Amino acid sequence: MRVLIVEDEAIIALHLAILVAELGHEVCATAASAAGAIALATLHNPHVVLMDVRLADGSSGIDAARELHEQQALRCIFLSANLDEPTRRALLPYEPIDFVGKPVLPVVLQRALKKAEV
Amino acid sequence: MTAASTSKTAFQRDVASRFGLVPNFFSSAPDAPEIIERLWAFAKAGYLDNPIPSLFKERLFVYLSRFCEVRYCIARHCAFLLGRGHSSGDPSVVVQSIEQAIKLLKTPPPWDRDHNVILEGLEALPTLMEWPAPETEGEDWLIAAATLLFLEPRRADRARHALRKALGGNRFEHLMGLLAFIRTAHYWTVLHPELSLEDDVRNLLKVNEELARLLLEDQEAARCDMGIRLFQELTELRELNERHELEKAKRALEALVEQKELLLKEVNHRVKNSLQIVSSILQLQVPDTQSTEAADALRSAAARVLAIAAVHERLYTGEDARVVRFDVFLSDLCGEIGRACGCADGITTDAQRVDVPTDMAIPLALIVNELVTNAVKHVGPPCEIRLRPEVGNALKLTISGTGKGPLQDQPRLGLGTRIVDAFSTQLDAHVETKRVSGGYMIELTVPLAPTQR
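These protein sequence lines map, in sequence, to chains Z and S. So the mapping is simple: this note's numbering equals the position in the first sequence, first residue as 1, plus 135. So the mapping is simple: this note's numbering equals the position in the second sequence, first residue as 1, plus 65.
Don't read these hints as lab results, they were simulated from the structure. None of the hints are false.
Subject to a maximum C-alpha distance of 30 Å in a straight line, what follows is the list of computed DSS-like cross-link-like pairs (lysine-lysine):
{"#": "1", "chain 1": "S", "residue 1": "Lys325", "chain 2": "S", "residue 2": "Lys315"}
{"#": "2", "chain 1": "S", "residue 1": "Lys499", "chain 2": "S", "residue 2": "Lys461"}
{"#": "3", "chain 1": "Z", "residue 1": "Lys250", "chain 2": "S", "residue 2": "Lys330"}
{"#": "4", "chain 1": "S", "residue 1": "Lys442", "chain 2": "Z", "residue 2": "Lys250"}
{"#": "5", "chain 1": "S", "residue 1": "Lys73", "chain 2": "S", "residue 2": "Lys109"}
{"#": "6", "chain 1": "S", "residue 1": "Lys442", "chain 2": "S", "residue 2": "Lys469"}
{"#": "7", "chain 1": "S", "residue 1": "Lys109", "chain 2": "S", "residue 2": "Lys171"}
{"#": "8", "chain 1": "S", "residue 1": "Lys442", "chain 2": "Z", "residue 2": "Lys249"}
{"#": "9", "chain 1": "S", "residue 1": "Lys461", "chain 2": "S", "residue 2": "Lys442"}
Remember, it's a predicted structure, so these values are computed and weren't measured experimentally.
Just need the whole structure built from these sequences, with the hints factored in.
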């Protein structure tokens, strides 16, 4: 699968890219903001998006997910250090594939990516 | 008894000729009978000889006497109304029935009704009003407006103007004369608490229980004293104010709690993110390392950080922030160890629900990380991990398998043993390692302190 990683913390993004590659997928691009995510998704047409909920420039992964879902029917695996109930509820309309809490356990990420393949 | 009470004076004969009897009111102040005689002159001017119809005067007297704390006037004038003596000193007045009196006494005071409608009604009359018959709307309006004016003359400008407009100046002033006398009579009874009810009134109350209750237990009785009503309103205002203050304090407290929750969430978010970065840095460094020994050490360090991180991932996700669902955590951690060791299918977990106090969770996670990693890496897969709650508030973790590798740490991996020893001491936990037929078994028993630590 082609995976778009949206994560504003550079080290985490780098680590996620290696993990995704190790798990046998292709990282087509890495974005740090909602605007970047939308631009890169249009350019690379990924299968799935690994989306951090809090992004750079104070932008929100929720807004990015909405646009990606509405415009390109893309679905996300959401990453966050705060996946509380209100956040999960807010994300439900965009058909989340899975939620992965931070810090990310590689095995949990692997499970989420397997769900995306089905 | 003085001679005066047995043989009537000219004054008493005069009083009796009007009322048909001598009310105790006019026998009060025996030390200065001349005062009572002057009061009698006022009674005639304001009440008895006042050209307002007698029945209207008497009914108004009764109604306004509701608002006097001394019950003499209301009882006496009610008795007049019911034929014990003459209403307004007029023997031609038709005697009212008990039912009529009760209905009058039960008429709600104007402040319990929409008195604006009443005043509007009076203000809107096209022509001057005649004195109304009893139990008509006109009488009801006049009594209500007069009540407002009677009790709080300084705050009843509108009632005063409405009455003057409806009745015209002449009738209005007659009404004022009557109000002034009723007020005086009330005040006199307050100043003479020794005034007692006459026998005819007592008998009347004895045989009419409902009337007696209405007369003697009237909730409005204290209203005669204007100050009391004002005081009551001020108290109500003050209570309203207190409620506002309380509401304000409650809102401030709620805002504070919300702020604290936000802060906790933010700190929690940052801790998790920071742990993610530390773990990422360690993992990222592995491919850059030339020696396998250094790479192994980095992986172990990364795994330990990840074990801590995995606990943090579970923190504050449940409803109770004081405990962590250790069973959920265990499945994830063991899955991760299996993945990292390249034998994901070699580890099975069988965990029943165990809640662990938050401050025990990280030491426990590190012990489990060492024990399971050691079992998978050195004793060899497959292995099964079971978690069970134990009686007496404890948990038991069992790692068992068929691996034949060495059960004890190799000397160069000594840190793992030291971590298990150190944290076992800290948690008062007990680790037992033994060979069993066909394999091995490691048992970890941990007492769980009460959750209210």
